[in-house]
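Q: Read off the chains here:
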Amino acid sequence: MKKLLAVLLTLLIVLAGCAKKEAAQDNAVVFKNEDVRKAISYAIDREALVKTLNDGSVAAEGIIPFKLATNPSTGADFRDDAGKVVTYDPDKAKELYAQACEELGVKQITIDLLYGTNEGDSVIKAAEQIGYYLEEAGYKVNLVSKQKKERLSLMTDGDYAVCLTRWGPDYADPQTYMDLFVSTNTSNNSGRYNSEKYDKLVADAEATTDMDERWALFLEAEKVLVEEDYADIPVFQAGGAMIIRPEISGIEFHSAAVDNYRHIVGKDNVTLVTNTDIIYLDNHVATDGTSFIAQTMFLAGLTELDANGQWKPDLAETVDVSEDGTVYTFKIRDDANWVNKNGEVVAPVTAQDFVDSWDRILDPDLASEYAWWITDVLLADSWEAVDEKTFKVTLVKPNGIFLSCLAFPSAFPINKAFIEEQGDQYATSADTVLACGPYILDSWTPGYSYEMKFNENYFDNAAYVAAGGASKVVFRVLEDTQTALMEYEAGNLDTVILSGEQVDANKDVPGYVDRLQGYLFYLSVNINHYGE
Amino acid sequence: MKKYIFKRILISLATLFVILLVLFILMDLMPGTPFNDEKLTEAQKVLLYAKYGLDKPFYVRFFLYAKNMLKGDLGVSYAINKNFAVSEMVKERLGISIGVGAMAMLLGTVFGLILGILAALNHNSWIDNLCSAISVIGVSVPSYVCALLLCYYVAYRLGWLPILYNTEQPVTSLILPAIALSVSPTANIARFTRSEMIDVMNSDYILLVQSKGVKNWKMIITHVLRNTLIPVITVMGPILVNLLTGSSVIEKIFGIPGIGRLMITAIQENDYNVTIACAFVYSVMYIVVMLLVDILYGVIDPRIRIAKEEA
Amino acid sequence: MTNLDHEFQENDFQFAHSAGEKLIDKNYSATSYAKDVWNNFKKNKGALIGAVIIVFIIVMAIIGPGMNEFTYKQIHSGQECLVPRIPGIEKLGLFDGYHNGVNQYAQKGATDVYYWFGTDTQGRDIWTRVWSGTRVSLIIALAAVVIDIVIGMVYGLVSGFFGGMVDSFMQRFAEILNGIPTLVIVTLLGMVLPAGITSIIFALMLTGWIGMERIARAQVLKVKEQEFVLASRTLGAGKFRIIFSEILPNIMGQVIVTSMFSIPNAIFLEAYLSFLGLGVPAPMASLGSLVSDGYKSMTTFPHILIIPVFVMAILMLCFNLFADGLRDAFDPKMINK
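Protein chains in written order, with my numbering: chain A, 1 to 532; chain B, 533 to 843; chain C, 844 to 1180.
The shape of chain A in the complex, shown without the other chains:
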């Protein structure tokens, strides 16, 4: 017995000893080398990668995703104007790798590729694929998997080499991406990319009032970032495959704004799938897509987006713009009202509600993550309630996306009296929120479902009813795509989200939809942040 134990113990020690240490590589030097980064970009076969993901994702052609922004004059997509600024060339990648090794005087370069394990299956697959392509080019790759929170904290601390990360656009303008990589943005520019040329292009673009010049400057800036400096390496743009029951229509997907579920028609009582639950009902504190979608249903803004992403008035009856484009005056509808869960009118929606809302989101004590929406996206300088139903906003400078960005929950009105009355309980359940949108939040069982019902007092309700709108919309929280698909086929659900594995078998099913999301996945290379 003792002998056996001794043998086993020795085995264990030997096993532990097998994990040998390698000579440390100085990442602070390695990733400053442009050829190292260039070879990474050339090595990745993005087309093959998205084919493997098979979930509707598309290969990235630059750091700005498809269908994000359109040319102010021609209406062309940014990507059409910019063209492809990334290249796949495995032979060139090998060549560049060899060159980089020579320049650095090393035999091999090791890349620790950081990625998140709880950010979706496509991230895990993509990381494994990228790892393989980089090894083909000659690199030694260690895949380092972490959970999202830890991954983000490693990035913030600069304690990483290369990380597969993503950015979701907040609004339909290249600026939402370009701002990430300027040297002054220490929150998001984790690799501390520092280029005077790039900084100047972005600063100039943001300062100019000439929209065409702005567009051209952004095109130039992307080239500098991706094609000249290879600072951040675009990989793919997320897709989303799903099946929507054929008789249902009216779900409007936006790749650079909140999806619009207000106009569902074809069935009276609809059950939809969501893979995440609402996090918070408070439109000033929420940060996630699911919460925002729910809020656009039971709340309303001055404008809303149509199926093409163009703004149209919602609670605003009329919009007046001053000649220089800096002063907007909104006349709020007389029939815009706040209603409680039972559908009873509590108060009218007034201009003061918007003033309260914009003041509240900027209140430092609230620490809202979207506080900058008012100042940096809407570019609002001051706002006031001229009278009960007239809301006036003065902008810092003319802003082409001002009206469409008003359709975002952060800019929606609040009822201050109600919030004060509810105190800490505000927005924690269906009973502690008010509605002013086309739907009312009827119930919310965290982790299970939430239900919306028609708001009879919403001004456009009659039109919704006439169009055959769904009077009840249930969102069911389901994370497992396989059982969800069974439930859909059994007829208990009206939409279902598909994983990449399920796409091939369901491509020809009626109602199959292949949507494009705004998320762009890219490799953040730690250029200057290492060991600071």
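Among the hints, erroneous ones may be present.
Below 20 Å or equal to it, Euclidean Cα-Cα: the simulated SDA-like pairs (lysine to any residue) are [as the list claims (entries may be wrong)]:
1) C:Lys885 to B:Ser657
2) A:Lys32 to A:Asn188
3) B:Lys577 to A:Gln99
4) A:Lys51 to C:Gln950
5) B:Lys603 to B:Leu650
6) A:Lys67 to A:Ile401
7) C:Lys1082 to C:Val1072
8) B:Lys784 to B:Ser657
9) B:Lys784 to A:Asn188
10) A:Lys51 to C:Ile900
11) A:Lys507 to C:Lys885
12) A:Lys51 to C:Ser920
13) B:Lys784 to A:Asp121
14) C:Lys1139 to B:Leu681
15) B:Lys583 to A:Leu366
16) C:Lys951 to A:Asn492
17) B:Lys583 to B:Val554
18) A:Lys32 to A:Asp121
19) B:Lys583 to B:Phe595
20) C:Lys885 to C:Ile896
21) A:Lys507 to C:Val1072
22) B:Lys588 to B:Pro563
23) B:Lys577 to A:Asp363
24) B:Lys535 to C:Lys1082
To be clear, the hints were calculated from the coordinates, so they are not data collected in a lab.
Given chain A, work out where chains B and C should sit, using these hints.
A: Okay, now just chains B and C, sitting in the frame of chain A:
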């Protein structure tokens, strides 16, 4: 015995206090923060820390938390359902998880014991081999695979039971998850019962009972089973705790808003209060079940009872 | 023992056998304990078969990945999710690359390629992945058993045998460790430790042995009051002699069986650990991670799941047959029968 039980309860309370402290320390060491979102600035993070009192020194937070816990206040969630009272979140989900878990435990115990006893009584026959094979497959096929198989054949193909959990059929829609969850406990209990029973049947006192001419079935019930069950209870305790505190994969597959899923999400989202609450619910159950096992032990086994009375 | 007022009868001390019967002693040659064990083990057919298959799987885990031209991380773009196709057998209509009546290989333009176990969703050869995964999982299984026995059993033995304050203290310590959900502990380990097998073993060391500890302790409690222990103690045996040569052989059976059942737990814990960044780093596979990956395609391409589950189940079945044989062979009560 009473004195022993009293002493044991006091010790358990002390153990729980230590566990709470350890949990708090572990939370402190967790990487990242609950607010570590891409879009939050450093200044805002500082503000949020201050708002939720996370900037206070460790011991202050710990004693405040312990004090509030005695009042039933488990704090609020930071990330999962912002500003929700954690006690509410846990209460609702724990009920469902306990329901499924109890059902699974019942199934697991009944089938496990039947399989184990059958195998032991027919030691080295084909029945024994079959029972062994079933239990070995039961532990080597993960519960989520069983769950999806059940979903597909029993619910989707045959339509006998609902595919997913729903509040309109709270009992029938929990049958499949309970069966899926019970597979591994069945296997474990069967296996353990079998080997324990074989041991007992080979022991000298059973030989004595047999030679005394006690009828076979009577011998099995009064002598063999009783001695078999004592160690079986030891394995059942932790299994029960694991079942009652929910399984995140099973909850995910069947869309059950249970506590297992909540805890995983809480750990991933660094939602400290929710993690501590879920983990502590587990700890309390564990300690209570261990306490009960210890006491039950004494009731079933006279030798231990006497030893403890003397102690 | 107190009932001594028994009166002896006259015929109490007479031979039971009739006077004419001859009593002949049989002579047994002395055999060592080890030989006894081996002889007993040999007799058990099931255990022998189990042992042979285990050896076969170990051999496959070593040579399997090298048997074809693929590597476990090689990605074949455009050849994802192919079903198994084996030369020779394909003519029988089995493993011929057909899925739902369509020859996938022809469809994806890979007519001259044979993936014996098919490919996964990323176009990697499952054969090499399964066998290299088995290699990892076997090491984890070994570690789990060793940890169970070295830490769990010894802890339980000591705690159960000494009882009193020692027991109380040791049990409270184990309760604290086990009272904290494993997930919380391993999540933190994920931050401190690098990915790899060493870290998995460390995680198992922290949490894997407690089940065994409880069982060993319960067994000791049951055995330690029995007569042979008393006899040994009366003969002046030391505490450690009693623990290791009297009690240990008697609880070995249960210990072996329990340790076998800790194997799948360890293998699946590893899959969860890889998710946390603590297990074997991707693209390296283990049986656990292959099963949890395969789950995602269970309803569409079940072969990705079935193959690792099958290997796992066979492995477990054989471990159990083997352990059963071992248990019977080690059992002193069975030896002299």
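Q: Hey, Lys51 (chain A) versus Ser920 (chain C), does the alpha-carbon distance stay inside 20 Å?
A: Holds - the C-alpha atoms of Ser920 (chain C) and Lys51 (chain A) are around 8 Å apart, at most 20 Å.
Q: Lys577 (chain B) and Asp363 (chain A) were given as a pair; does the straight-line alpha-carbon distance stay at or below 20 Å?
A: 14 Å, holds
Q: For the pair supplied as a hint, Lys535 (chain B) and Lys1082 (chain C), confirm whether the alpha-carbon distance does not exceed 20 Å.
A: Measuring from Cα to Cα gives roughly 30 Å; hence the hint is violated.
Q: Does Val554 (chain B) lie within 20 Å of Lys583 (chain B) when you go C-alpha to C-alpha?
A: Given pair Lys583 (chain B), Val554 (chain B) is violated - Cα atoms ~24 Å apart, limit 20 Å.
Q: Straight-line Cα separation of Lys885 (chain C) and Ser657 (chain B) no greater than 20 Å?
A: 18 Å, holds
Q: What's the verdict on Lys603 (chain B) and Leu650 (chain B), does the C-alpha distance respect the 20 Å limit or exceed it?
A: 50 Å, violated
Q: Between Lys32 (chain A) and Asp121 (chain A), is the straight-line Cα distance small enough, at 20 Å or below?
A: 31 Å, violated
Q: Taking only the CA atoms, is the gap from Lys51 (chain A) to Ile900 (chain C) under or equal to 20 Å?
A: 35 Å, violated
Q: For the pair we were handed, Lys583 (chain B) and Phe595 (chain B), check the Cα-Cα distance against 20 Å.
A: The given pair, whose Cα atoms are some 18 Å apart, holds under the 20 Å limit.
Q: Verify the proposed pairing of Lys507 (chain A) with Lys885 (chain C), using a straight-line Cα cut of 20 Å.
A: 57 Å, violated
Q: For Lys885 (chain C) and Ile896 (chain C), compute the direct alpha-carbon distance and say whether it is at most 20 Å.
A: It holds: about 15 Å lies between the C-alpha atoms, which stays within 20 Å.
Q: Lys507 (chain A) and Val1072 (chain C): Cα distance at most 20 Å?
A: With Cα atoms ~71 Å apart, Lys507 (chain A) and Val1072 (chain C) exceed 20 Å; violated.
Hints 3, 5, 8, 9, 10, 11, 16, 17, 18, 21 and 24 from the list above are not met by this structure, while the remaining hints are.
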